[in-house]
Amino acid sequence: MGKNIRCIVAKPGLDGHDRGAKVISRGLRDAGLEIIYTGLHQTPDDIVESVVQEDPDVLLLSILSGAHTVLFPEIMKKFKEEGIDDVLVLGGGIIPDEDIVKMKEVGISEIFGPGTKIQEIVDYIKGHLKR
Amino acid sequence: MEPLKKSSEAEFELQNLIERMRKGDRRAVARLITKVENGGPEVSKKILKEIYPETGKSFIIGITGAPGSGKSTLTNQVASEYLKKGLKVGIIAVDPTSPFSGGALLGDRIRMKSNFTNKNLFIRSMANRGKLGGLAMATKEAIHILDAYGSDLIIVETVGVGQSEIDIFKSAHTTLVIMPPGMGDEIQAIKAGITEITDIFVVNKMDRDGADKRVNELETMLDIGENIVVDQINHNVRIVKSKKWRPPVIKTNALSGENVPELIKLIESHREFSKTSGLKKKRLAYRYKHYVVDIIKYFQNKDIEHLIFSNPKINDFVDQILSYKTGSDPYSISEIILELFSKRYFS
Ligand SMILES: Nc1nc2c(ncn2[C@@H]2O[C@H](COP(=O)(O)OP(=O)(O)O)[C@@H](O)[C@H]2O)c(=O)[nH]1
Ligand SMILES: [Mg+2]
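Going line by line, the protein sequences match chains A and B. Read in the numbering used here, the first sequence has 104 at position 104, and its numbers run on one by one without any break. Read in the numbering used here, the second sequence has 41 at position 41, and its numbers run on one by one without any break.
No lab work stands behind these hints: they were computed from the structure. It cannot be assumed that every hint is accurate.
With a Cα cut of at most 30 Å, we get these calculated DSS-like pairs of lysine-lysine [to be verified]:
| # | chain 1 | residue 1 | chain 2 | residue 2 |
| --- | --- | --- | --- | --- |
| 1 | B | K289 | A | K3 |
| 2 | A | K77 | B | K297 |
| 3 | B | K84 | B | K289 |
| 4 | B | K113 | A | K22 |
| 5 | A | K130 | A | K117 |
| 6 | B | K265 | B | K49 |
| 7 | A | K78 | B | K297 |
| 8 | B | K281 | A | K3 |
| 9 | B | K85 | A | K78 |
| 10 | B | K85 | A | K3 |
| 11 | B | K280 | B | K45 |
| 12 | A | K22 | B | K119 |
| 13 | A | K3 | A | K117 |
| 14 | B | K46 | A | K126 |
| 15 | B | K297 | A | K3 |
| 16 | A | K102 | A | K130 |
| 17 | A | K3 | B | K84 |
| 18 | B | K45 | A | K3 |
| 19 | B | K45 | B | K289 |
| 20 | A | K3 | B | K46 |
| 21 | B | K45 | B | K23 |
| 22 | B | K45 | A | K130 |
| 23 | B | K302 | A | K77 |
| 24 | B | K297 | B | K88 |
| 25 | B | K302 | A | K3 |
| 26 | A | K80 | B | K281 |
These numbers come from a predicted model, not from an experiment.
Can you build the whole structure from these sequences, using the hints too?
As structure tokens, this is what we get:
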């Protein structure tokens, strides 16, 4: 028994493939995390509901479509409404530099661009868990 | 284990979560499950003492079968049918922990997307964390928590390998075993005790070739099985099974939903049968007997070193061992100690 880090990997937005999210999921699994993979086309409500039920330590939002400027803040707003404040939220994918600042302002702790090493993400997670 | 919180503080936190759960707070339910997952029997003990009288009301369905057989997809279909009736449904999906990394990839939610935002549904994914049997002790506590939360129905999905099937049978009222066509010669698996735990056989993926063949194989196997007396001596299984129930075999298509309403009818008739025939009570007795043994094993293992080493009598026993006489070998001495234990605790 003992604590294992639980992490939801979710893919909000409409873009059609989740290869990147799957690669990250397997990588994190191989690094010893428990990954709850929720699949494509998640709405903010889907994601927040998954977080409520699964009670993860980490939520990793993977995105390609550029819809992050709308979706990420919406998810964080719903988090506030639900009173969820001890989940580490991370973003992954192609996100322009000027948006990264905005994303951090709404509560995304870190954004990992394409090509980030799994170990880098793992180290970050272990150093920044909120509970 | 939980970090070293002051115990009164930790207890207050649990109490608070339980109160919130009673008011229907889903995040509190989720956090309680996390607590039993991470805290083990020490934490479960505190929670169960509090919520136990509120449990025993849910109908528990076990779904097992090989990876890829369609358990999650079918679970979602079955859940949908009960949600349509306005019932509150809980799902616990257990997947294996990787023995190499200790991590796990839990993908069952993908198949349950259509119901994500239904507030009457609560889905929890769990890794078995390498414990023997796919259903870890934490899973049993998660069932209790969802029961106390007021779920009318709880579906437990677990991958069908060896011990985990027996475990699911211990926890469920009605167990479905999924046997799709064309997945190798897994009638092998059937021989390994599956018939004894099955209440309903589901030949999922009926849209694929070989579904009828699979149905025939299962029916034939059941025909033969009917004449075999399942004796109670089989230690691994020790089945509490009514011979009045021959497991029906049904084909389904979990993608289209074909035959799912018929499957629900079978589930309901097994539920009724188990109530009227006394099977349900027998199984519960069996389940809790084993549950108690598991709990005792856990706490006894934990305490045994301390109990033995802190008792000065151990030195006399060691002296006896060192005498190299008949009856003073370590096995005989351990038997004597065990007997002392059992006299003290259980007579
Ligand atoms: N053709 C067909 N595919 C199915 C059926 N049920 C499930 N599947 C597919 O089988 C795969 C595994 O399903 P899943 O529910 O994840 O299986 P599990 O591993 O047993 O939980 C998925 O790709 C499903 O879409 C069915 O009745 N027919
Ligand atoms: Mg599954």
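How the hints compare with the structure:
no.	hint	result
1	K289(B) with K3(A)	holds (28 Å)
2	K77(A) with K297(B)	violated (47 Å)
3	K84(B) with K289(B)	violated (35 Å)
4	K113(B) with K22(A)	holds (17 Å)
5	K130(A) with K117(A)	holds (22 Å)
6	K265(B) with K49(B)	violated (36 Å)
7	K78(A) with K297(B)	violated (44 Å)
8	K281(B) with K3(A)	violated (35 Å)
9	K85(B) with K78(A)	holds (29 Å)
10	K85(B) with K3(A)	violated (38 Å)
11	K280(B) with K45(B)	holds (25 Å)
12	K22(A) with K119(B)	holds (28 Å)
13	K3(A) with K117(A)	holds (24 Å)
14	K46(B) with K126(A)	holds (29 Å)
15	K297(B) with K3(A)	holds (22 Å)
16	K102(A) with K130(A)	holds (21 Å)
17	K3(A) with K84(B)	violated (37 Å)
18	K45(B) with K3(A)	holds (18 Å)
19	K45(B) with K289(B)	holds (17 Å)
20	K3(A) with K46(B)	holds (18 Å)
21	K45(B) with K23(B)	holds (22 Å)
22	K45(B) with K130(A)	holds (26 Å)
23	K302(B) with K77(A)	violated (46 Å)
24	K297(B) with K88(B)	violated (34 Å)
25	K302(B) with K3(A)	holds (19 Å)
26	K80(A) with K281(B)	violated (46 Å)
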